[in-house]
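Undergrad: Each chain, written out:
Protein chains: 4
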Amino acid sequence: MTDSIKMEYSLELEKGFNIIAGPCAVESVRQMEIIGEFLNKLDIKFIRGGAFKPRTSPSSFQGLGIKGLKILGDIKDSYGFRVVSEVLDPRDVEKAYDYIDIYQIGSRNMQNYPLLIEVGKTDKPVLLKRGMSATFEEWIKASEYIAMGGNQHILLCERGIRSFDDYTRNTLDLMSIPIIQGKTGYPIFIDPSHGTGRKELILPAVRAALVLGANGVMIEVHPEPAKALSDGIQSLNFKEFELLLNNVKKLEQALDEDMVEL
Amino acid sequence: MTDSIKMEYSLELEKGFNIIAGPCAVESVRQMEIIGEFLNKLDIKFIRGGAFKPRTSPSSFQGLGIKGLKILGDIKDSYGFRVVSEVLDPRDVEKAYDYIDIYQIGSRNMQNYPLLIEVGKTDKPVLLKRGMSATFEEWIKASEYIAMGGNQHILLCERGIRSFDDYTRNTLDLMSIPIIQGKTGYPIFIDPSHGTGRKELILPAVRAALVLGANGVMIEVHPEPAKALSDGIQSLNFKEFELLLNNVKKLEQALDEDMVEL
Amino acid sequence: MTDSIKMEYSLELEKGFNIIAGPCAVESVRQMEIIGEFLNKLDIKFIRGGAFKPRTSPSSFQGLGIKGLKILGDIKDSYGFRVVSEVLDPRDVEKAYDYIDIYQIGSRNMQNYPLLIEVGKTDKPVLLKRGMSATFEEWIKASEYIAMGGNQHILLCERGIRSFDDYTRNTLDLMSIPIIQGKTGYPIFIDPSHGTGRKELILPAVRAALVLGANGVMIEVHPEPAKALSDGIQSLNFKEFELLLNNVKKLEQALDEDMVEL
Amino acid sequence: MTDSIKMEYSLELEKGFNIIAGPCAVESVRQMEIIGEFLNKLDIKFIRGGAFKPRTSPSSFQGLGIKGLKILGDIKDSYGFRVVSEVLDPRDVEKAYDYIDIYQIGSRNMQNYPLLIEVGKTDKPVLLKRGMSATFEEWIKASEYIAMGGNQHILLCERGIRSFDDYTRNTLDLMSIPIIQGKTGYPIFIDPSHGTGRKELILPAVRAALVLGANGVMIEVHPEPAKALSDGIQSLNFKEFELLLNNVKKLEQALDEDMVEL
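Chains A, B, C and D, in that order, give the protein sequences. Counting with this note's numbering, you get residues 1 to 262 for the letters of the first sequence. Counting with this note's numbering, you get residues 1 to 262 for the letters of the second sequence. Counting with this note's numbering, you get residues 1 to 262 for the letters of the third sequence. Counting with this note's numbering, you get residues 1 to 262 for the letters of the fourth sequence.
Hints were generated in silico from the structure; no laboratory data involved. It is possible that some hints are incorrect.
With the C-beta cut set under 8 Å, the calculated list includes, among others, these residues of chain A facing chain B [unchecked claim]:
(1) Ser59
(2) Ser133
(3) Ser163
(4) Asp173
Since the model is a prediction, treat every value here as computed from it, not as a measurement. Cβ coordinates follow ideal geometry from the N, Cα and C atoms, glycine included.
Please work from the sequences and hints to get the whole structure.
TA: Okay, here's the thing in structure tokens:
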């Protein structure tokens, strides 16, 4: 990737409302082709897909690893997507470099400092998710481990915090949008799929994120959620995703008039 | 109050986006006159003000009690406001009846069942705030103590839950808006003043509440927040409140076009 | 009750390791007679039993009310027990006065200030449970509402706080024993029945409470836990309670030698 | 280290009440010599000291790294201590192997799976601390990432969970001792230094851990806590540590008689 291209999508991420979509996990070439074709048709620019999956249990599906990265690389080449994918191990940062455009650091690794330092040495943007019980200060301090390596392309992503209520998978802290904007200059994203774990709550969360001025959202979409190897229950199917997208576009247009006044 | 008037504002509360505004505590006739005149000029229909204040420490200002209720009653008569005020003691429910239009039950009393039963025997709406660490199920079950007395005029109000982060006074759970709407038919309000404890976060919270379809918000406003006898730090002054109101109106207009599609 | 008797058991409560035992709820004369006879045989001095039950749902058993108090009064007369029972409503404080020796204020009512003020006007000890998400400061400040009425006979009772883990009913905060002892001069009790909600964890909790210097514990015991009208799952049956008691006595003896050195 | 020696201290760890003591961070040769001499005199077998420090801010002292490990190795050789030290990076596991006896995995890394897998490939015990908001199930599942590599020498260590109260640094969950013992066959340790962050609470926590049947505790001790490069506020000085040790020994003796009955 040339510097000019990198610069371009870095800028993209900092204006407008960006939608990162894709499956929880890369499962197969075929799956990613179907999803890639679908998202491309909808003019989605950022695709997500996990090659390395941090699962609570070691007996759950752990992702396709390097093979998964290669599948992502092919999709990227075919459609020109920017690829967002998680790394768990500092030794994988270099291996993943050629296949992805944005390194994702998951909640469990928000304070995995060697990993943060490693992605901080690269020139690719890093999407840093908030830890499950991380205060705003801890989250921002964690981002400093990335920045101190010279990499200032940091995106922060709220994905729900742990609370006493178990109706939702996590408690999506939408107020983190204005709080992070008040405390940092970094783009702030919302992950309503993990943040709520419930399909019917994704649209409201995205609408709120938009009006709150978030830089974007990350949404799980899968051709057949019921057959997904992970997180099927919170993934939208294609029809649901398209409805969501239409709704968001209308809201964006409606807000355009309002936005002038802010 | 005649039944037809009661019915009227009950219906009001169930459509549109209602703003309940006023000071944390009723402090004096003069204070309420200033606030009443200001809110009336802005066409605010619902005024709040605490006569009985549940304070963490018994040495903090506890409110003016019955005297405060009378001040509220006078303001109500002067301007035709609907008055929202908290009761703490089942023995005060009857005393407060003539002066207020909506009984507020605060977080600390969400599971004060004798109090819920007592307001459930009246014919006035009850605004039931969520307890500090109440699950959705507990909150809804608490509302059943009101409803079983025959009073179905229940408004639920999210005011922030207790979490591990102390940057904000509480963690305002905006997702409770679609969750409560999915689980009950009751109107849902948001109290961003207590929910965040920070003035700069009130506007974003109100904007999000509006787009999420909340039935309204409850906002603390005070002519001189720095001199307020309680919660001054989170109260808006008149200029800030007016700016917020203008912003909300613009957003409402912008959303009008969008709303058709929902 | 004469002042000398009252003084006597107040003092008792402040030395040694006191066991308050009994069913969650008073269910019938027969039930309380069986339990009373059993506890008396074991030389237990403090009996508990709920006449007014604060239940999450209004359709759950709400207790026998005044009838339950009378049953408690009879048991008290028969065996000379000190009776601990919860009040929920300030209007019941006077009604309960003759039947009970210690007013219990439950978690849900830790910040029910009119209720605290009302028991604070009496001359009977008050056992104030910690609220579900109450900080130490809030808990202590709540006790000041009792004390300011002149009633300094306050016992604090830790009963588990709300956390993210649902393996136990609550997270029993055993460290509250030394913390409360460092911050107040009040006796501190532990309620492992509600604090854990699991029978197998009651003995360990009681042993820890003893070594930490708690003034006592409150334990649910029922002749037939499976048939209890509330909280059966966490109640010990008679055999289990007796085993626990023997274990505690042995530990007390063992600690006697150690205690000299503290 | 020969297999027989390793086996020996693995067994040690599984019986009796083990005290792991030492500074938060290895700061210098001189510091460790002073501490080593002191702990050896007291017949402490397990020494702790951080060479790699996971600090919230990258501008805080990060530990001496390999140099720190070498200092630990020298102390180990001089006195025959078993050395417990934290690793953060899977690439450091091999480097640390020769200098330490027990790998410590800290709270922030409880779900750092590549790191767990890496220590799971070694033949040295691993002390796995509970994550800040980890449920028991997540903690145990995390241990499976170590075990699946063939390393069954796992010690679990409770170090306080994150709650709403900030009086203590964390909320030390002493009930995790019987809970973990009921759910796993692994030894369970308590870290009251991080678990409370307050020196005056360390002795009570250790006493409770002992009576609850914990396999040991991990305690921060420093010759001059006020000058410590990290966590000075929660470190015991030598005199305080010696008092604690005496108290624990007396309690152990007292419990010996009791233990027979359990």
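Undergrad: Each hint should be assessed against the structure and marked as holding or not.
TA: A quick look at each hint next to the structure:
Because the beta carbon of A:Ser59 sits about 30 Å from the nearest beta carbon in chain B, more than 8 Å, this interface hint is broken. Annotation: interface hint on A:Ser133 holds; nearest CB of chain B at approximately 5 Å, less than 8 Å. This hint holds: A:Ser163 has a C-beta 6 Å from the nearest C-beta of chain B, less than the 8 Å allowed. For the restraint placing A:Asp173 at the interface with chain B, the shortest Cβ-Cβ distance is roughly 6 Å, inside the 8 Å limit, so the hint holds.
The structure shown violates just one earlier hint, number 1.
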